[in-house]
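Required output: the full structure, derived from the provided sequences and hints.
Just so you know, the protein sequences line up as chains F and B, in that order.
Its first residue numbered 1, the first sequence is counted upward by one per residue in our numbering.
Its first residue numbered 374, the second sequence is counted upward by one per residue in our numbering.
Because the hints were derived from the structure by calculation, they are not lab data.
Given the structure is predicted, the values throughout are model-derived calculations rather than measurements.
Do not rely on the hints blindly, as some may be mistaken.
Computed, partial: chain B to chain F, Cβ under 7 Å [what the hints assert, rightly or not]:
#	residue
1	F389
2	G423
3	T464
4	F501
5	A565
6	R569
Backbone N, C-alpha and C fix where the C-beta goes; we use that ideal spot for every residue, glycine too.
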Amino acid sequence: MKSAAWILVLSLGFLPSHASGFPLQAADTPNDGGSSVTLHWTAPPRPPAQWVVYRSEPGKAFAPIDTIGGDQTGYTDKEEEGRVVQNGVTYRYRLVPLPEDATLLSDVSPPVQAQASWFDTGKINVFVVTAIFLSLVLYYIRQAERGKKWGFRTIAGLTAIEEAIGRSTEMGKGVLYVPGVQDIDDIQTIASMIILGNVARMTAKYETPLLVPTPSPAVYTVADEVVKGAYSDVGRVDAYRSDQVRYITTEQFAYVAAVNGIMLRERPAANLLLGAFFAESLLLAETGHEIGAIQIAGTANVHQLPFFVVACDYTLIGEEYYAASAYLSKDAKLLGSLKASDTVKVLLVITIALGAILLTLGQRGLAEFFATQ
Amino acid sequence: MKREVPLLISMAAGLFVLIGFFVPHPAIRTGYDKIQQWVIIVVAFTYVLGMANVLRLNVEQIRRRSRDWPYKVALVAGIVATMAVGFSEGTKYLDDNTGFSWIYNNMYSAMSSTMFSLLAFFIASAAFRAFRVRTVEALLLAVAAFILMLGRVPIGALIHPVLPQAADWLMEIPQNAAKRGILMGAALGVMATGFRIILGIERTYGSDSGA
Numbered sequence: 001m002k003s004a005a006w007i008l009v010l011s012l013g014f015l016p017s018h019a020s021g022f023p024l025q026a027a028d029t030p031n032d033g034g035s036s037v038t039l040h041w042t043a044p045p046r047p048p049a050q051w052v053v054y055r056s057e058p059g060k061a062f063a064p065i066d067t068i069g070g071d072q073t074g075y076t077d078k079e080e081e082g083r084v085v086q087n088g089v090t091y092r093y094r095l096v097p098l099p100e101d102a103t104l105l106s107d108v109s110p111p112v113q114a115q116a117s118w119f120d121t122g123k124i125n126v127f128v129v130t131a132i133f134l135s136l137v138l139y140y141i142r143q144a145e146r147g148k149k150w151g152f153r154t155i156a157g158l159t160a161i162e163e164a165i166g167r168s169t170e171m172g173k174g175v176l177y178v179p180g181v182q183d184i185d186d187i188q189t190i191a192s193m194i195i196l197g198n199v200a201r202m203t204a205k206y207e208t209p210l211l212v213p214t215p216s217p218a219v220y221t222v223a224d225e226v227v228k229g230a231y232s233d234v235g236r237v238d239a240y241r242s243d244q245v246r247y248i249t250t251e252q253f254a255y256v257a258a259v260n261g262i263m264l265r266e267r268p269a270a271n272l273l274l275g276a277f278f279a280e281s282l283l284l285a286e287t288g289h290e291i292g293a294i295q296i297a298g299t300a301n302v303h304q305l306p307f308f309v310v311a312c313d314y315t316l317i318g319e320e321y322y323a324a325s326a327y328l329s330k331d332a333k334l335l336g337s338l339k340a341s342d343t344v345k346v347l348l349v350i351t352i353a354l355g356a357i358l359l360t361l362g363q364r365g366l367a368e369f370f371a372t373q
Numbered sequence: 374m375k376r377e378v379p380l381l382i383s384m385a386a387g388l389f390v391l392i393g394f395f396v397p398h399p400a401i402r403t404g405y406d407k408i409q410q411w412v413i414i415v416v417a418f419t420y421v422l423g424m425a426n427v428l429r430l431n432v433e434q435i436r437r438r439s440r441d442w443p444y445k446v447a448l449v450a451g452i453v454a455t456m457a458v459g460f461s462e463g464t465k466y467l468d469d470n471t472g473f474s475w476i477y478n479n480m481y482s483a484m485s486s487t488m489f490s491l492l493a494f495f496i497a498s499a500a501f502r503a504f505r506v507r508t509v510e511a512l513l514l515a516v517a518a519f520i521l522m523l524g525r526v527p528i529g530a531l532i533h534p535v536l537p538q539a540a541d542w543l544m545e546i547p548q549n550a551a552k553r554g555i556l557m558g559a560a561l562g563v564m565a566t567g568f569r570i571i572l573g574i575e576r577t578y579g580s581d582s583g584a
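Structure (C-alpha cells):
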C-alpha cells in the first residue's frame, strides 16, 4: 500500500527535476530501426529490490513504464507490451527504487530521441569483406570478358558427374538426383537447383532417364521448371516427362523411406546426392551403395561429410559444392567468380596469419574488427 | 522476355535482401520483412501444386497397376484419411486428444522413429567398409576413430587415462581446424553463389530458350 502511494506520488509529477541522485545515461539504441532508447547506469552500493522506470515526454509528467530487477544496470525502452516509443520525440527517464528510498533516486536523464539507423555499424566487418569480394568478382568478370583464362585444380567429384551420367546411359538405367531435405530458401538447395540444370542438360543430351524426388513443394516447383528448361535448351523438350520431378513429402524420414524405395525399385546407375542433408545422409548413401550405383554427394553440412565420404564414390566438400555450377558450365564469367573466391580465400589466410601474429604481440585491434556480434 | 523477367526479379530481390542485411531503417526493413512474408504465401500455394503432383502420379500408377501399386493405394488412402480427419477437426486439429494428433503420434512418429533407428545398422555397415585399412589415409582414419570411440566410453578411461584426453584433443584441435577450414570455404562459396545470382551471370536455373 505504501509502495503504491509512493509510485502514485511520483506519477503525478512530484519527482524533483534537479539532479539529486546517481547519473542515468540515455541514448538512442544504435544500429536499429528506431523506436528504441537504451538506458545505462552504475549500480549503487546497496541497490533496491526493484527499479521502476519512469519516462516523460513533452507536455506530460513522468509516468512508470516498467519494473525491473534491482541488480540491473541497463534497460532498453522499446515498443512492446503496448508501449510506444516514437522516433523524433524527446524523452527523459528516471529510475525510482522499490521499496521506496529517497536516497536511491536516479538523476533525470538527458533528453533523448529514438532514431532509425541507415547503416548497422555492427556489421561493418561483413560489409568490408562483402565489398572486397564483390569488387573482385566484378574485376574478374571483366577480365573473363576480355578473354582471360585461369587454370583451376581438377575436382574429381565434378568430373565424375558426366562420367556417372555416361555410365547410366551405357547401362540403360536412370540417374537419381536428390536435392537434399531443405526448402528452397536454403542456399544449398538453390545451389543444388543450379547443378540440376547442368545435370538435366546432360541427361537430356544422352537421353538418360532422370528422376528428381523433392522434399518440398517449393523445391518441386522450381526443380520441375529447371528440368523442363534444360530439356528445352538442348532441343529435347519431347523427352521431358512430367513425372521426372516428383514431390514426395516435407517429413524427413518419410522422404528417406520414399527415396530409398525408389532406389530399390528403379535401380538407378548413378545417384547424385547434392544439397543440404542431415541424419538421412547415411540412410540414403548406404542404400545407394547396396544397389551398386555410382554415387556422387555434395553438401556444406560439415557433420554429414564423413558419412558421404565413407559411403559414396565421390564427395564434394563445402566450397567444391558451390563451385560445381561454374565448373560444369565452363562459363568464363562464372569461372571469374571462382577466381574471385580463391583470391578472397588467400586474403583471408593472410588476415588470419596477421591477426594471430598481432594477437601474440598483444594487439587486439584486427581480431576485434572481425569479431561478429 | 520469359528469361529476362525472372532474372531481373531474382537480381532485384537478391539486391534488396542484401541491402536489407546492412540497413535497419524501416524504409528498407519494412520491404525486407514483406518479402519474407511473400515467400511464405508463395510457398503455401506451392503445396497445392505438390499435393496435386503426388495424387496425380500415384493415382495414375494405381490405375495402370504398375509395380508395387498396392503401396500407392496405402499412400493415397493415408493422405485422404489424414486430410479428412484434420479438416473435420478445424483449427484445433493440433490439440491433444484430436484424431489428427492420434494419427501423428501413434502412426507417423512410430514409423519415422523406425526409419531413424535403422541408422544404427547403416553406421555399422559403413564403418566396416571405412575401417578397412588400404591406404595411409584410411590407416589415419581408423586409428583416429579407434582412439575417439574408446575415449568416449567408460572402458576407455579404464584401459588408460590418456585415451579420453586424446579423444578430446582430436576433436578440439585437428577436427576443429579441418571443420573451420571447410566452413570458411563454404561461406565464400555461399557469397560467390549469391553474387552470381544477383549479378545475373548465374543463369543455369533458367532456360536459354525461354521454355
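Against the structure, the hints:
Because the beta carbon of F389 (chain B) sits about 15 Å from the nearest beta carbon in chain F, more than 7 Å, this interface hint is broken. The closest approach between the C-beta of G423 (chain B) and any C-beta of chain F is roughly 3 Å, which is under the 7 Å cut-off, so the hint is satisfied. Checking T464 (chain B) against chain F: minimum C-beta separation of about 20 Å lies over 7 Å; hint violated. Annotation: F501 (chain B) was flagged as interfacial toward chain F, and the flag is violated, the nearest CB pair being 10 Å apart, outside 7 Å.
At about 4 Å, the closest approach between the beta carbon of A565 (chain B) and any beta carbon in chain F falls short of 7 Å, and the interface hint on this residue holds. Hint status for R569 (chain B): holds, given a least beta-carbon distance of 5 Å to chain F, under 7 Å.
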